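Please model the complete structure; the sequences and the hints are all you need to start from.
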Amino acid sequence: MTEQLSTLEKRIALLEDIEAIKQLKYRYLRACDNKEGEVLRDCFVAGSVEIDYGRIGKFSRREELMEVFERLACHDHIIELHHGHNPSITVSGDIAQGIWSLYYHQINSQDSSATQLGGQYNDEYCRTDEGWRIISSCFVLHSSQALNYSEMATGSLSGRS
Amino acid sequence: MTEQLSTLEKRIALLEDIEAIKQLKYRYLRACDNKEGEVLRDCFVAGSVEIDYGRIGKFSRREELMEVFERLACHDHIIELHHGHNPSITVSGDIAQGIWSLYYHQINSQDSSATQLGGQYNDEYCRTDEGWRIISSCFVLHSSQALNYSEMATGSLSGRS
Amino acid sequence: MTEQLSTLEKRIALLEDIEAIKQLKYRYLRACDNKEGEVLRDCFVAGSVEIDYGRIGKFSRREELMEVFERLACHDHIIELHHGHNPSITVSGDIAQGIWSLYYHQINSQDSSATQLGGQYNDEYCRTDEGWRIISSCFVLHSSQALNYSEMATGSLSGRS
Chain C
1 MTEQLSTLEK RIALLEDIEA IKQLKYRYLR ACDNKEGEVL RDCFVAGSVE IDYGRIGKFS
61 RREELMEVFE RLACHDHIIE LHHGHNPSIT VSGDIAQGIW SLYYHQINSQ DSSATQLGGQ
121 YNDEYCRTDE GWRIISSCFV LHSSQALNYS EMATGSLSGR S
Chain D
1 MTEQLSTLEK RIALLEDIEA IKQLKYRYLR ACDNKEGEVL RDCFVAGSVE IDYGRIGKFS
61 RREELMEVFE RLACHDHIIE LHHGHNPSIT VSGDIAQGIW SLYYHQINSQ DSSATQLGGQ
121 YNDEYCRTDE GWRIISSCFV LHSSQALNYS EMATGSLSGR S
Chain P
1 MTEQLSTLEK RIALLEDIEA IKQLKYRYLR ACDNKEGEVL RDCFVAGSVE IDYGRIGKFS
61 RREELMEVFE RLACHDHIIE LHHGHNPSIT VSGDIAQGIW SLYYHQINSQ DSSATQLGGQ
121 YNDEYCRTDE GWRIISSCFV LHSSQALNYS EMATGSLSGR S
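Protein chains in written order, with the numbering used here: chain C, 1 to 161; chain D, 1 to 161; chain P, 1 to 161.
Hint data in this document are derived by calculation from the structure and do not stem from the laboratory. There's no promise every hint is true.
It does not matter which identical chain is meant; a pair holds if it fits inside one copy or across any two.
Said to hold, decoys possible - No more than 20 angstroms apart at the CA atoms, straight line, and that leaves these computed lysine to any residue pairs for SDA-like:
{"id": "1", "residue 1": "Lys58", "residue 2": "Val140"}
{"id": "2", "residue 1": "Lys22", "residue 2": "Ile99"}
{"id": "3", "residue 1": "Lys35", "residue 2": "Ile99"}
{"id": "4", "residue 1": "Lys22", "residue 2": "Pro87"}
{"id": "5", "residue 1": "Lys35", "residue 2": "Val140"}
{"id": "6", "residue 1": "Lys22", "residue 2": "Arg11"}
Quick caveat: nothing in here was measured; it's all calculated off a predicted structure.
Okay, here's the thing in structure tokens:
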């Protein structure tokens, strides 16, 4: 019966891992929206990482991403939504893969523009003493749609800031 | 071994609780879209609740929310989408906390306007004899984008009604 | 104690089934976005299916859906997002029901139009030797919003193709 218990424990641990990895990604996406640089940084491993965000840049340390994040996103006139969709998580031991679809929405209240885009993350996660962390994240843009409201009489934008 | 079984049971129960709470919130959001006032009401506890929906109002009884819902939303010309994203659920005993991002989309076919907005729910849930229910829900608006189609020759809106 | 183990095993299996069915639907939606006809086809059972996609058509074999998919969607100028939301999955034995909200976004780069729509899937799944598959899927359109960018100086669209 000990063997049966051990088998059940492994199945539970797998479900727990999947939920923990989802919560990790959601914490990351929410940190982007709420402009919490420290929380964002803490979603990645402390050592060498592989981040490829296309036009935004490539980064091999989480501090580099955090710096770009604070330079590009952490302004009152940039209001963003990052929503993670269609997650597919595969765990093997202390490593996991994740595929996510992203819905992104940005209001720039300075130039009165609204942009929404879709894309896909291909992630790798690793188990650390503090829980699961992102070790690799590659984002591929799928499509984007932008509107400038400054010349439109028929629309309006607003952000909380 | 009874102790081991008990430990496993608790871990399973936690995963079940998280899934049940997600399904509760999804039922609530879908009830909003489908204009099912009774289903919406039943997502909250019967007694005292704490609902703070910003501009929509504050409510201390689920019946008050239901009344406002029927007055504001339950019209053929109001077509809404409520999509819950980035869920983070934390359970401790018979109480749980939930953070959700919302994507909301509304078509008003009377004035030919389309509005989409983002925001965040901070929820508290409690375990009842009928399952998990919302006991507290605070919504904070993040951003909104509106377009009026009545003066645009280049777009169209349609709802199922 | 064998009985207790068996009860725990059933509870774990239910959680695993729910996760597997979600991943099936996400695989399907992602296959639509990535124009992977073979992956899309493999999400359905091999025999008789019941697919009712409204204006797109009704299909009783997965090959029929795949054919329409390749005819309508598999073009460089059609860039699509299918995001599945608010899932509610109910399993009983080897059959399961699923309710999903859909957010859909399409860019047609040929006529410079962007369309987004919301709707609801009512699905039935069955357990096969290869895992869960869709046996029935009925989609009901909820609302849609379209913009034509060809006559607008104030916006832009782009797809990866």
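So, going through the hints one by one against the coordinates:
{"no.": "1", "hint": "Lys58 x Val140", "result": "within (12 angstroms within a copy, 33 angstroms between copies)"}
{"no.": "2", "hint": "Lys22 x Ile99", "result": "both (11 angstroms within a copy, 13 angstroms between copies)"}
{"no.": "3", "hint": "Lys35 x Ile99", "result": "between (23 angstroms within a copy, 16 angstroms between copies)"}
{"no.": "4", "hint": "Lys22 x Pro87", "result": "both (8 angstroms within a copy, 9 angstroms between copies)"}
{"no.": "5", "hint": "Lys35 x Val140", "result": "between (22 angstroms within a copy, 15 angstroms between copies)"}
{"no.": "6", "hint": "Lys22 x Arg11", "result": "both (17 angstroms within a copy, 17 angstroms between copies)"}
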